[in-house]
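Using the sequences provided together with the hints, build the complete structure.
Top to bottom, those sequences are chains A and B. So the first sequence is numbered by the numbering used here: it starts at 214 and just counts up by one. So the second sequence is numbered by the numbering used here: it starts at 210 and just counts up by one.
Do not take every clue at face value.
Below, a list of computed lysine-lysine pairs in the PhoX-like style, where the Cα atoms sit at most 25 Å apart [unchecked claim]:
no., chain 1, residue 1, chain 2, residue 2
1, B, K285, B, K368
2, B, K263, A, K273
3, B, K376, A, K275
4, B, K383, A, K282
Which stretches of chain A does chain B cover? Using the computed rule of at least three CB atoms under 8 Å from a CB of chain B, they are [as the list claims (entries may be wrong)]:
no., stretch
5, 452–459
6, 772–778
Think of the hints as simulated: they come from the structure by calculation, not from any bench. Here a beta-carbon is modelled for each residue, glycine too, at the ideal position from N, C-alpha and C.
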Amino acid sequence: MMFRRTIYFSILFLLIICVAKNTDAYDDEVTHPKITEQAINYSQIEQYIKNNLGFTGGLKTKFPSNSEKNIIYWLRKGSTAEDSPMCRASNHFHNPLLPWDQSYMSDDTTILGSLIRTYCNLTGWPYSDRKSSVTWGTGYLSPSPDGSKITMSNQEWSWNNARSYYYLALTSASNNDRETYFAKTFQVLGQVLHLIEDGAQPAHVRNDFISHTYFLKISSINFTKWFGSRFEEYVKTNPGLVTSAQPVSPTFTNPRLTDFWDTDQYTYQYDGSFPLTSKSLGITEFTNANYFSDFTIPNNNPDPLHVFPYPMVNNVNTQICEDYAPGSTEIRKYISRKSNSDCPPITEARTADHFASVSILNVESMITDENIHRLRLELDDNVHNTYAKELLPRAVGYSAGLINYFFRGQIGVKIAQGGITVTNINTETMESYIDTATGQTIGNISIYYDDTNSIRRLLTSYDLSAPLAPGQEVFIPFTEPNNNIRPGKYIVVFRGKLGNEEDSVIGKVTSPSINIYYASKRNDIYKIYKMDTDGNNQTIVYDNTNLSIQIGKLVPSPDGKTLAFTVSGPQIYLLGLTDGSLRKLADGEWPSWSPDGKKIAFQRETGQYLPSYGDVELFIQDIETGIETQLTNISGSSYSGQPAWSPDGNSIAYMKFDPYDTECLSSTYYIIYRIDPSGNAIGPVTCHKAGEPYLDSAPAWSPDGQSIGFTRRRYGELYKEALYKVDMATQTATKLTDSTGEVYSEFTPSWSLDGKAIVSGSNRDGDFDIWLIDPNGGGYITNLTNSNPDMDGYPVFGWVE
Amino acid sequence: MRNNHLRIKYAPFLIVLCFLTTGCYATITGAVVNAETGEPVEGAVVLVEWTVTKGLGLTYTKSHEVIEVITDKDGKATISGVFNPFVNPPHVTIYKKGYVAWNNEYIFPDYKHREDFKWKDGVVVRMERFKEGYSYNDHISFIHDAIRLGLGEKKLILKAIDWEEEKAFKEREKRFK
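Listed below in C-alpha cells is the structure:
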C-alpha cells in the first residue's frame, strides 16, 4: 500500500513538473516573440545594419549564411528561449519601488510557491542567487553606469554577453566564427528584450508570482493546466492585440542602459503627481504605478508582500461605470478612471474604461462612488483588454528603444592616404573607462580588414587616451595592406564607454559601393554612366553634351574617388567622383592606375608612319607632380599600348607589337608582354607560335594577380575578338567565351573586385552591351545593359565609399 | 513478470489518460484546395509542430516534434500522428507561394480565431489567394507567428517563404525611403 502511495505521489509530482501549463510572464511561445518582431519592425535596426555593418540584405541576412535562419529568427528565438529552463524565469521580476538588491520575486511563499522554490534550490537556481530582471539583464544593482555591478555565474545571456558576442562577431578571424557570434548577438539581444517585455506585465513588477497560479478553467485531466495567469492567457489568445499595438517609445535624455527598466524616479519617496505617464520613466515604473495585478489590488486587503501605494482607487480619480461583461450582455460594474472619460452609454463596443471590475462579492447597496475605495475588485477580460491596449504599446516601444540603443553607435570614417580618419558622429562621447572588475582601461578603436583568404586581420589599434567628443575626429595611421580582399573595405571597431554605457561596442564596416562604370553612346552623344552590378540604377557620372567627343577607356582610382578616362584627341581626364571636379592629365589614352593611386600609366602616339602605322609608346605620369616617364621607346612604327598595372605594383602588362623583336611572333602579330614600372622587360605573357596569327589586346589583371584576362582575334578577322584568360604561373591561355563556335566581339574586359566575374563590352546580342562573364569557364552570365540601340562599352568595376 | 502484470493492469488507465488529454493525434491525410476554384493545391508545404510546456508557475515551451510534408498533385498530404499525452495541441501552417498562409489557430490579416479546423482524416483546407493590397511584411510576420519561428527547427517552410522575405524586405525599404 505504501509502495502504491509512493507511486501515485511520484506520478503526481512528475505531472506537475512535466505538464504544467501555467504560463510565465507573457507567453514565451507566442506573445514574447511576437512583441519582439513588432519591436523589430518599429526599430531602426534594419537601416542600421545595412548602413553600418554592410548587411545589404537587412533583417533577412542569415546566420550562418548557408542556413535558413535570419536575424528575425535569432531575435525571436532569444525571446522564446529566455524562459528556459524553468527556474530561469524567477529572475524576471522587478519591483521598481525597492532597492534593486531586494526587488526580485519573493512572494513564492505559498505552498505551491515553496515547492517551486525548493525545486529551484535543488536544480542550480537557489533563492539566494535570485535577481531582479534589471540586474539579471544588465548586472547592475543600481542605475548604470555608476551603480555597483555584479557578475552572475548562471547568466550567459545578459546585455554584457550580447555586447561581447557583438565584439567577437566584428573581430573574429574566421568567417564561420563571426557568423556564429552574430547569431548569438541577436539571440542574446532577444533574451534581454524578453525582460523589457515582462516589465509591461503588472504581476512582474508588483512581486505577484502567485497570480500565475490563478484558476483558469478545467481544460483537461492535467490539473496543472487549470491554472495560470489570466492576463497572459488573454493576451496569448488575442495576438492581434500585439499586432495593433502602436509603439510608445521612451524619450530618455542621455539614456543609461538600466533606464529602460527603471530610472529610479518612481520610488517610495516619490511625491510628484499622478498618473505617471511620462515616457522618461522605466517600463517597470510605468507599469507598477498605473496597473493592478490580481493579488495587488489595495481594495482587497492584500498581504504585506503585495501592498503597493499606486494606483489608487478613490472617488477623486475613479468612478463606477457600467458595461457588458466579457462575452455576454450581462451588465457589470467597472471602476473607470475619470481622466479617461465620463461613463459612456452601454454598447456592444464596450467603450467604458475598464480599470477594474467590481466583484459580485460586494453588497449591491454598497456599490457607490463614495465607497469606491473599499469595494472588492477583480480583473476580468474587459480589464485585461484595457491593460493590454495600454501596456503592449509600451512593451513594443521600449523593446524597439532598446534595440535602437544597442545599435545606436555611429562612427564616421574617411579613408585617406596612410590611414583612416574616424569621427565621433554620435551625440554621446566616446572614451575609455576603467573596468572595476579587472582594473583594466578599456577604450580603443581598432581597424581590421579581410585578407584574400577571408581571414579578418587586425591592422592597427588606437587607444583612446582622451575622450572623443561628438564631432571630434582622430586620424589613425596604418600601412595599407596589399592582401585586402576588397581594397577600401575596413572594419572599424570601437570598444569603450559611449555616453553612459560602459563596455559599449560600435562597428562600422566601410562599405565601398560596388559599381560598374562604362561609356555609353545614346542619341549620338557619349556619356559616362555607372550602374549596380546587376545592371540596375544606371546613372550618369559624366554628363558630356558635346556631340564631337568620343569617350574611351576609363578606370577608377584604387581609392574609388577619381575616374580616369579617355576622350577623343586623345586625351586623358581625371573626374572627381565625389566632388565632380574635372582636369586634364595628359595627351594619350588607355590610363591604368598604380595600386597606390599615385601614378597613371598610359599610351601615347609619338609618331606617324605611312601608310597608316603609328608609333605608340608607354608613359607614366606622377599625378601630383605631373612628371612623365617614358617606359618604352621602340623606334619607327611599333605598338606598346593598353597598359594594365599589376595589383602588386611590380609590373605592367601591355599589348606589344615590335618589328625588331621576333619573340613570340610579336614582330608580326600582337602579344601581351610585361615590363616593370621602370621600363625593364620582364617577358611575354602570351606567346604565339607559327600558324597562330593572333592579335592579343586589352590585358586586365585579376585582383589576386594570378591571371590576366584579354581579348584575342585572328589576323584579318576584325570584330571577332573572343575573351581569354592566361594563367600567370603556367602561361596557359583559356578561352572564356565562344563555346558555341560563334565569335562575337569582346572588348575591354575588367575583373570584379572579388575576382568572381569579368565584365566586358560585347556585341553578342547584335549590339554592344555590357556583359558579365564567368572567369572560370561558365561563359556568358548576363547582359547587364541590353540597351539596343545604345552602344555600351569600356566597362570597369569600381567602388565608392 | 510482476512488472508486466502492472503494465497490463494500468494500460486501460493510460489509454484513457491519453485520450482525455489533448496529446494523442492519429495519422491523418488531408487535402489542400484553392478556396475559390476547389482545385487541389500541389506543392504546398504543410508544417505541423507539437510543443510541450514544461514547469510549474515558471514555465517554458519546447518543440516536441516538427513534421514538414509537401502536398502531392491531388493536394494531399499525410501527417503521421503523435501519441504523447504531454504534448500541446498541434500548430498547423500551410504555405504555398501566391496564397495566404493558412494556420489552424489564426487567420491573416486580423489574427481572428479559426474555428473550422479539426484534426481528422480527410480534412480539407481551403487556401485563399494572396490579394493585391496585402502587405508582404505583415504576411511574413503572420507566418513567423504561425510557424513559431525561433522554436523548433524547420527547413522546408523557411525555404518556401524565402522569396516572400525578400518581398517584405523590399517593402520595408520603400517604407524607409
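So, going through the hints one by one against the coordinates:
A distance of roughly 20 Å separates the Cα atoms of B:K285 and B:K368; the hinted pair therefore holds under the 25 Å criterion. Taking the CA atoms of B:K263 and A:K273, the gap is about 31 Å. The hint is violated against a cut of 25 Å. For the hint pairing B:K376 with A:K275, the CA-to-CA distance comes to about 16 Å; that is within 25 Å, so the pair holds. Straight-line distance between C-alpha atoms of B:K383 and A:K282 comes to about 24 Å, which keeps the hinted pair within the 25 Å bound.
By the rule of at least three residues with a Cβ nearer than 8 Å to a Cβ of chain B, the coverage given for the stretch 452–459 of chain A holds, with 3 such residues. Restraint check on the stretch 772–778 of chain A versus chain B: 0 residues with Cβ-Cβ distances below 8 Å, three needed, restraint violated.
When held up to the earlier numbered hints, the structure conflicts with 2 and 6 and fits the remainder.
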